[in-house]
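Chains as they are written, first to last, in the working numbering: chain A, 1 to 159; chain B, 1 to 159.
There's no promise every hint is true.
As the list claims (entries may be wrong) - FRET-style restraints, in silico, Cβ to Cβ:
1. B:Ile92 x A:Glu120: 28 to 34 Å
2. A:Ser62 x B:Asp106: 47 to 53 Å
3. B:Gly81 x A:Gly63: 29 to 35 Å
4. A:Glu128 x B:Gly64: 49 to 55 Å
5. A:His119 x B:Lys135: 41 to 47 Å
6. B:Asn158 x A:Glu128: 23 to 29 Å
7. A:Gly63 x B:Gly28: 46 to 52 Å
8. B:Ile92 x A:Lys133: 51 to 57 Å
9. A:His119 x B:Ile92: 48 to 54 Å
I should point out that these hints are in silico values taken from the structure, not numbers from a laboratory. From a predicted model like this one, the values you see are computed outputs, not experimental measurements. C-beta atoms are modelled at their ideal positions from N, C-alpha and C, and glycine is treated no differently.
There are 2 protein chains.
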Amino acid sequence: ARPKVGYFYTGKSENQEIFDKVKEIKVGEIKSIPVVVDEKTSVYDSIVSMFLNDVGTIFVISGGYLTGVVSRKDFIKSCIGGTDINKVPVGIIMTRMPNIVLAFEDETVLDAAKKIIEHEVDSLPIVEKEIIKGKEYFRVIGRISKTNITRLFIEITNI
Amino acid sequence: ARPKVGYFYTGKSENQEIFDKVKEIKVGEIKSIPVVVDEKTSVYDSIVSMFLNDVGTIFVISGGYLTGVVSRKDFIKSCIGGTDINKVPVGIIMTRMPNIVLAFEDETVLDAAKKIIEHEVDSLPIVEKEIIKGKEYFRVIGRISKTNITRLFIEITNI
Numbered sequence: 001a002r003p004k005v006g007y008f009y010t011g012k013s014e015n016q017e018i019f020d021k022v023k024e025i026k027v028g029e030i031k032s033i034p035v036v037v038d039e040k041t042s043v044y045d046s047i048v049s050m051f052l053n054d055v056g057t058i059f060v061i062s063g064g065y066l067t068g069v070v071s072r073k074d075f076i077k078s079c080i081g082g083t084d085i086n087k088v089p090v091g092i093i094m095t096r097m098p099n100i101v102l103a104f105e106d107e108t109v110l111d112a113a114k115k116i117i118e119h120e121v122d123s124l125p126i127v128e129k130e131i132i133k134g135k136e137y138f139r140v141i142g143r144i145s146k147t148n149i150t151r152l153f154i155e156i157t158n159i
Numbered sequence: 001a002r003p004k005v006g007y008f009y010t011g012k013s014e015n016q017e018i019f020d021k022v023k024e025i026k027v028g029e030i031k032s033i034p035v036v037v038d039e040k041t042s043v044y045d046s047i048v049s050m051f052l053n054d055v056g057t058i059f060v061i062s063g064g065y066l067t068g069v070v071s072r073k074d075f076i077k078s079c080i081g082g083t084d085i086n087k088v089p090v091g092i093i094m095t096r097m098p099n100i101v102l103a104f105e106d107e108t109v110l111d112a113a114k115k116i117i118e119h120e121v122d123s124l125p126i127v128e129k130e131i132i133k134g135k136e137y138f139r140v141i142g143r144i145s146k147t148n149i150t151r152l153f154i155e156i157t158n159i
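Bound conformation, chain A alone (with noise of 0.2 Å):
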């Protein structure tokens, strides 16, 4: 059981001790599992996944690595714009790198959820670096939302 006067003989109280682990607390702790389909899914096929998954964002890899990022957003306008979704691939409406925000496993969540915010996306896919021949590549190991961070929130509020 929790104490329920929250100050220790330290001086130092129970709330500011948890306050402090939060600044701390790093992606990894609180990822997710990432949905992923190759480049050359349909877009139907997408949407099949997306909602199996109940993720909002899907990423999209190529021969192992991270291509692009699709939305519902996404998937909403390529809808209405008339594309053939049975024949049409996710490729093709995808957002594509190196216009994809990234977030690392080891950086905190305050950063993470900085870049949710400024750049207007419900989630970043959590990745890890390859360099190969000199140049860069990103395996998806995880992905971090606005969901998981609302967790977050309740989880250190509820105290």
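Let chain A serve as the given structure and place chain B on it in line with the hints.
Okay, now just chain B, sitting in the frame of chain A:
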């Protein structure tokens, strides 16, 4: 300028005071403007309204009172389901009252955040209740979303 050292003579730390306040922050303090359409608006025009205002959820009213909610997910479903989005009114595809989770200005952000996570939605309409001839009606006066909560997380952590 904010003092660098977090302790005051009272023994209460600056962080603790902020933390105590965070728990008390009310929905009304961080709310956004709601995007509202009438039930008779076409699905297409509702989508346009969603894009113009860059929101993920639109609130639907009839006679000035809340009757439903439509999300990006609903729009994608109706698109791939072959709905004639120019003819069908948004009232047909929306989630209808009373199956809508509501928020009130004077409840805490923590409680609203819990509703958002529990019911797996992106945002909640902030409403004012009116009773007319013994029946409850709700006027939409704002919205609170995962974006508002992510912004609040940045504000409280980034100090």
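Note whether the CB distance of B:Ile92 and A:Lys133 lies within 51 to 57 Å or breaks it. The hinted range 51 to 57 Å holds for B:Ile92 and A:Lys133, with Cβ atoms some 55 Å apart.
May I ask you to test the hint 29 to 35 Å on the CB atoms belonging to B:Gly81 and A:Gly63? 34 Å, holds
Is 47 to 53 Å right for how far apart the beta carbons of A:Ser62 and B:Asp106 are? Holds, at about 51 Å.
Verify the CB-CB distance for A:His119 and B:Lys135 against the hinted window 41 to 47 Å. Given about 44 Å between the Cβ atoms, the range holds.
If you check the beta carbons of A:Gly63 and B:Gly28, does the distance land in 46 to 52 Å? 50 Å, holds
Regarding B:Ile92 and A:Glu120, is the given constraint of 28 to 34 Å on their beta-carbon distance met? 30 Å, holds
Consistency of beta-carbon spacing, A:Glu128 to B:Asn158, with hint 23 to 29 Å: 26 Å, holds
Look at the Cβ atoms of A:His119 and B:Ile92 and judge whether their distance stays inside 48 to 54 Å. 34 Å, violated
Determine whether the Cβ-Cβ distance between A:Glu128 and B:Gly64 falls within the hinted range of 49 to 55 Å. Hint holds: Cβ distance 52 Å, inside 49 to 55 Å.
Hint violations for this structure: number 9 only, all remaining hints satisfied.
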